[in-house]
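Chains as they are written, first to last, in the numbering used here: chain A, 23 to 228; chain B, 2 to 814; chain C, 35 to 327.
Calculated directly from the structure, the hints in this document are not laboratory data.
C-beta: ideal position from N, C-alpha, C; glycine also.
A hint or two may mislead.
Once the Cα atoms are required to be at most 20 Å apart in a straight line, the calculated EDC-like pairs of lysine to aspartate or glutamate come out as [claimed, not checked]:
id: 1; chain 1: A; residue 1: 121; chain 2: C; residue 2: 111
id: 2; chain 1: A; residue 1: 160; chain 2: B; residue 2: 56
id: 3; chain 1: B; residue 1: 813; chain 2: B; residue 2: 740
id: 4; chain 1: B; residue 1: 717; chain 2: A; residue 2: 54
id: 5; chain 1: B; residue 1: 737; chain 2: A; residue 2: 68
id: 6; chain 1: B; residue 1: 813; chain 2: A; residue 2: 154
id: 7; chain 1: A; residue 1: 184; chain 2: B; residue 2: 260
id: 8; chain 1: B; residue 1: 53; chain 2: A; residue 2: 51
id: 9; chain 1: A; residue 1: 160; chain 2: B; residue 2: 88
id: 10; chain 1: B; residue 1: 54; chain 2: A; residue 2: 154
id: 11; chain 1: B; residue 1: 119; chain 2: B; residue 2: 134
id: 12; chain 1: A; residue 1: 221; chain 2: B; residue 2: 740
id: 13; chain 1: A; residue 1: 109; chain 2: C; residue 2: 111
id: 14; chain 1: A; residue 1: 221; chain 2: B; residue 2: 732
id: 15; chain 1: B; residue 1: 743; chain 2: B; residue 2: 691
id: 16; chain 1: B; residue 1: 737; chain 2: A; residue 2: 226
id: 17; chain 1: B; residue 1: 717; chain 2: A; residue 2: 226
id: 18; chain 1: B; residue 1: 54; chain 2: A; residue 2: 51
id: 19; chain 1: B; residue 1: 717; chain 2: A; residue 2: 51
Derived CB-CB ranges, DEER-like [what the hints assert, rightly or not]:
id: 20; chain 1: B; residue 1: 625; chain 2: A; residue 2: 226; range: 57 to 65 Å
id: 21; chain 1: A; residue 1: 110; chain 2: B; residue 2: 603; range: 29 to 37 Å
id: 22; chain 1: C; residue 1: 166; chain 2: B; residue 2: 690; range: 52 to 60 Å
Not close to chain A: a few residues of chain C, all C-beta gaps over 12 Å, as computed [stated by the list, open to error]:
id: 23; residue: 65
id: 24; residue: 86
id: 25; residue: 275
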Amino acid sequence: MQKRLAFHLDMNACTGCKTCMIACIDKNDLADGVLYRRVSEYTGGDWIRNADGTYEQNVFSYYLSISCNHCENPICVRSCPTTAMYKDENGIVSVNPEKCVGCRYCEWGCPYSAPQFNAELGIMTKCDFCRDYLDLGKPPACVAACPTRALTFGPYQELLDKYGQAQLVAPLPDTAITQPNLLFTPSRKAQPAGSRNGKISNPEEV
Amino acid sequence: MPSNETSAAVQAGNGIRRRSLLKWGAALGGVAALTGGGLFFGLKPVNGSPGKKEELFWTACTVNCGSRCVLRAHVIDGVITRIETDDTGVDVYGQHQDRACLRGRAMRHRIYAPDRLKYPMKRVGKRGEGKFERISWDQALDEIAARLKKTIETHGNESVYINYATGCTGSVMSDSYAPASTWLGRLMNCLGGYLNHYGTYSTAQIARALPFTFGGSSVNGNSFADIVNSKLVVLFGNNPAATRMSGGGQIYDIVKSREKGNARFIVIDPRYTDTAVSLADEWIPIRPGTDAALVNGLAYVMIGEDLVDHDFLTRCTVGYDEDSMPEGVPEGNSYKSYILGQGADKTPKTPAWAAAITGIPERRIVQLAREIAGAKPCYVVQGWGPQRQASGEQISRAICMLPILTGNVGVQGGNNGARESGVSSTFARYPTLTNPVKTSISVFTWTDAIERGPEMTATADGVQGRDRLVAPIKFIWNYAGNCLVNQHSDANRTARILGDEAKCETIVVIENFMTPSAKFADILLPATTCAEEDDFADGAYTAAMSYLIFARKAIEPLFESRSIYDVCAGVAKRMGVEQAYTEGRSRDDWVRWVYGETRKKYPELPEKVEDAFAMGIWKKERAGLPAVPYKDFREDPETNPLKTPSGKVEIFSKQLWDIAETWTLPEGDRISGLPEYNPTWEGVSDPLREKYPLQLIGHHYKQRTHSTYGNVDWLKRVAPQELWINPADAEARGIKHADMVKVYNDRGTVLIPAKVTTRIMPGVLSLPQGAWFAPDKDGVDHGGCVNVLTSLRPSPLAKGNPQHTNLVQVVKA
Amino acid sequence: MLGNEWSLVLFTILVQTAAGLVVVSETARRAGDVHSPRQLSWQIPGACGLAALGLLVSLTHLGSPQNSVLAVANLGDSWLSREILATSVFFLASLALAMVRWKRPERSASGLGILAACLGLADVFVMSRVYQLPAVPVWNTVATTLGFFGTMFLTGTLATGVLFSIQSRQAQQGDPQAAQQRTRLVGVLFVAAVLGLALKLIGLPLDMIALSAADNLGTSGVSLLASAGTGLLVMRLLLVLAGAAIFAWVAMRILAGRSAALVQASLVALCLVLAGELLGRFLFYGSYIRIGL
Ligand code: SF4
Ligand code: SF4
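When you get a sec, could you build the whole thing from the sequences and use the hints?
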């Protein structure tokens, strides 16, 4: 298997369709309330009503399909008291269900909401990059599902060479926290990281 | 086929069905257990079933979404455990994978949905109450046959109606639309015919209107592939990110073409759609129903600044100015006169005039006119949202004026303003025989036909094939459709009309689920899903690749569900037309027959249908440049005239002018020779806005294909039903994001959470269409069904569904 | 915002109170030169009880408590592992101290006492580090540490004081030596309480700064403070201040020699402070706003 795999998201192709989410739910039989991949809608801008009743606006919106980024410096792994959360020899971060104590501490610290608590099982669960598919030489379910091919994956260096390192955009967190294996092509409407112009406007969906 | 064989087959089938039922029951338990242990499922073999072999079957999603996808079912022990999609080949554009959207990927939870219909049932409560009792297939078919016989005897064949139903429109072997291509149509044709309908809920107005401008029976635009050659793309209410979602379909085409080309993208829509999110350089919000006013303002600038293509207008059009008007029309009726205020209304359609109506600043209108006229070529394309309006016929024609004025019709990289088309491959069809009945009503007027029947005439109600109807609708077939209440307008009134058993006497519904429409059945029959039978599916219109799908039966029919072919065969047998209906063929024989005929079209297909099923999908890359509709005409209009009376593009349509003279229209409705802007009932300038100040539209939403998939829990989880409302309108009413709100007008009330978002224009609400009508005892809908609020009043010409023309008020619940 | 984190609210407050009991009573013991086996003898067992209860309550937070023995497996990286270890070790040391003093009342076991107190301090520090997550700016400040120590000193002192006053009731009145010692002990308590309050008050503005910075981070997290309003925050402050005031009044009276013990008043003070601290901790968890997605 390839080492240090990464995801790439082209925000100018992602329509927020959530096929990646459903493919993931179906593949992993995800319980209610558990989403290994989430598509957040980041929206903002203002409306101004002119005197003649017409409108000006500077509305922007874009989607971010985010799962676990199998970070180089995974705060979840560092936080986990039991070592149930671990990064394997290929760089995939996942949970050993036999060891997890269900303290949810990894969830607190991950700025991507990757660790997802399964209340029924009492343990943390998360994206494992479809390790079983990778073993078979298949792409992860979400990548194989994406209708617009906005979501792709590959060895980090390869993706970096292909797409380059884009300026961070809101609402992505400072990469220094975890060094995520996530590359992206920013939306035409992308707001700079730390911007307060927009907000995640679909909290009920992620 | 001898009848005893049929029943033998059915009996054998029953045996299988019983076994599968038991298995499935056990599987349900298994599925429940899996949700608990779901984490481990898929990673390790399921506990307790060592050595259970997984089988893979190609199947399909055959709903009415405008795309078409192949699915692949993983089956263990007769139960689908996972759904995948096309993963064949290397996924190079042109031979790319036909990747299903989120809905297709949720198929497992659709097939095994808890509200799946299990057995034939007979209504026991009041109609629409949803109370049923289980009956046998024999009982059900006997009763249907008896009722049908009685209806035909008493009221004639023209009282039997096959309702618009597109839940299986993508299927070949279990097709649900159009009636004339379905088994139900064939059955009825064996029995003396049925009342036809024309038009669709998708395209009623545009499909009727554009032929008056361009001629022919349908008007197609350049495909999205041609955007590569465009300088500017202007999308009017066209949202492929929600309406053409397949990764083998047009959303991928447009994303790809945008990437490959260099065009600037402008989206004109009341909402900042998902298409705008991913593709647009600019969003121009517009008030619903006012696109024609915008076009007028743009035309005013183009004419005033002499930005129009005189060569094209002179050679290829009639009605632009007074010199090219048809005979018999008084002076002052040309397009130019209308725009410049020299026509009957004496109103110059200035950008300021348009600004006040559309909500788009005057300055922006002026610029946009220059941009569109200056971009050569420019690709103006409309979706089907703008036309789903009270004056939608005019709107759809008006949008086409932009390419006509700027000469972008029939050029590479341009478009005529109609919706994009593309390439497609299609299966051969089984013959459905001929309907002896020629009478036809508009798809939207069947409730009227139940109530008023013979009062409906050609010139007042758009009846075709006769001057007036001979009978009211007394018997309705409703297979794989939710237009009985959910997708038809004014759900409450429709429910009242259907509730009167003295009017429509029999409603037969053949369905997968207990839909809002199914609740109105007298006899309710459980149908198989695509995964439970062999089928084929035509590829959708796409830009770069056409394809065919071979969908293999993946699991046994659940419970007692049956294929529509067998249902109709059962009725045919009881009506004494079995031989005529089946021609001695079982469904399986017909599958082979259709495949054989299809191979005559595509000899490169495998010889045996089994091999096709194993292959799943067959693709053909488009060769050369994308086709340009009207290219020949444009180059030489004399040699290649259009099928309009003048042979040219009819900016002014004398046919429409004549219709306007002869038809009886209700107060406020207008049909005109020119594509004018008509203020309408419940439009921006209706005084009713004092009571109901907000315009309401119902956009297409990823959670559903219309109402199909509306019961799937996974989809509701990732894309819940919400009312879009601008922060300005929300704040004025004390509404915060996720608050429960009450949307209402005189027709009904819907309770639904609010999505407070800058992505919709102030003064406009949108409640995504298709959510399932769920009235409480007071009639308040909790499902978020927009059609509780829409009107049954048809549009003037097409008599189509103006479901985006609504005025409402909203308050915090 | 986190959900109902009552188990963590209780766990942290119980353990911090226990640590406070050990730290304050051991300090008082040394400062007051206490050798009598009976004086200040309930504090350590009390601390053991609270710490044990806290540990038990913390188990209810876990989804799979059966795996809790594994929770100290990542001491190298995980502050949570360290917290569990630190709390356990502190608890064991306190237990040992209590056992020694119970078995051999004549021994003061001051070495073990100092050790237990240091472990208590260390535990509270480690606990506060658990919450200093880079993705949670509201927590990721020194205010969290100050606040936790503040809690420790406030509740620990008041609990020490209450137990002390109950025990002192039985001591003979009018013994000048006892009175002098009592004055010294109360003096220590007074200082500890002032320290606790001071830490709380220093932490407060830091908290507010962090909160406002985290507000509108573009995340969907809703701050409890924003939604429940500042009312709860004010209430929490008032409760703590009222408790502290009553405690100060009691201490002054004792220091002034006007009474030997005011059990009821001390109890009221403790309850007020505890209520304020519980509310404060609830707000602390409620203010969880994470950056990112
Ligand atoms: S499937 Fe692709 S386009 Fe759809 S939301 Fe996911 S990443 Fe975006
Ligand atoms: S709904 Fe349409 S796009 Fe989605 S899977 Fe079905 S056929 Fe494909």
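To see whether the hints hold, each was checked on the structure:
Between residue 121/A and residue 111/C, the direct Cα distance comes to roughly 17 Å. Compliance with the 20 Å bound is thereby established for this hinted pair. Using a Cα cut-off of 20 Å, the hinted pair residue 160/A and residue 56/B holds, with the two alpha carbons roughly 18 Å apart. For the hint pairing residue 813/B with residue 740/B, the CA-to-CA distance comes to about 7 Å; that is within 20 Å, so the pair holds. A C-alpha spacing of about 11 Å is found between residue 717/B and residue 54/A, which places the hinted pair at or below 20 Å, so the restraint holds.
Annotation: proposed proximity of residue 737/B to residue 68/A holds, straight-line Cα distance about 16 Å (limit 20 Å). For the proposed pair residue 813/B and residue 154/A, the alpha carbon gap of about 48 Å is over 20 Å, so the pair is violated. With a C-alpha separation of about 16 Å, the suggested pair residue 184/A and residue 260/B falls inside the 20 Å cut-off, and the hint holds. With a C-alpha separation of about 19 Å, the suggested pair residue 53/B and residue 51/A falls inside the 20 Å cut-off, and the hint holds.
Taken as a hint, the residue 160/A and residue 88/B pair is honoured in the structure, with Cα atoms around 9 Å apart against an allowance of 20 Å. At roughly 17 Å between alpha-carbon atoms, residue 54/B and residue 154/A fall within 20 Å of each other, so this suggested pair holds. Between residue 119/B and residue 134/B, the direct Cα distance comes to roughly 11 Å. Compliance with the 20 Å bound is thereby established for this hinted pair. Restraint check for residue 221/A and residue 740/B: satisfied, since their Cα atoms lie roughly 18 Å apart, inside the 20 Å limit.
About 14 Å separates the Cα atoms of residue 109/A and residue 111/C, which keeps this hinted pair within 20 Å; it holds. Distance hint between residue 221/A and residue 732/B is fulfilled; the C-alpha atoms sit about 17 Å from each other, no more than 20 Å. For the hint linking residue 743/B to residue 691/B, the alpha-carbon distance of about 18 Å falls within 20 Å, and the restraint holds. Under the criterion of a C-alpha separation no larger than 20 Å, the hint pairing residue 737/B with residue 226/A is consistent with the structure, at around 13 Å.
A C-alpha spacing of about 11 Å is found between residue 717/B and residue 226/A, which places the hinted pair at or below 20 Å, so the restraint holds. Distance check on the hinted pair: residue 54/B and residue 51/A sit about 19 Å apart at the alpha-carbon level, within 20 Å; holds. Between residue 717/B and residue 51/A the CA atoms are separated by roughly 16 Å; this keeps the pair inside 20 Å, and the hint holds. The hinted range of 57 to 65 Å is not satisfied by residue 625/B and residue 226/A, whose Cβ atoms lie roughly 48 Å apart.
The hinted range of 29 to 37 Å is not satisfied by residue 110/A and residue 603/B, whose Cβ atoms lie roughly 48 Å apart. For the pair residue 166/C and residue 690/B, the supplied restraint of 52 to 60 Å holds, since their beta-carbon distance comes to about 56 Å. At roughly 37 Å, the least C-beta separation between residue 65/C and chain A is larger than 12 Å, which holds for a residue marked as non-interface. For residue 86/C, the requirement that its beta carbon stay farther than 12 Å from each beta carbon of chain A is met, with the minimum near 19 Å.
With a minimum CB-CB distance of about 31 Å to chain A, residue 275/C clears the 12 Å threshold, and the non-interface call stands.
Of the hints listed earlier, those the structure fails to meet are numbers 6, 20 and 21, in rising order.
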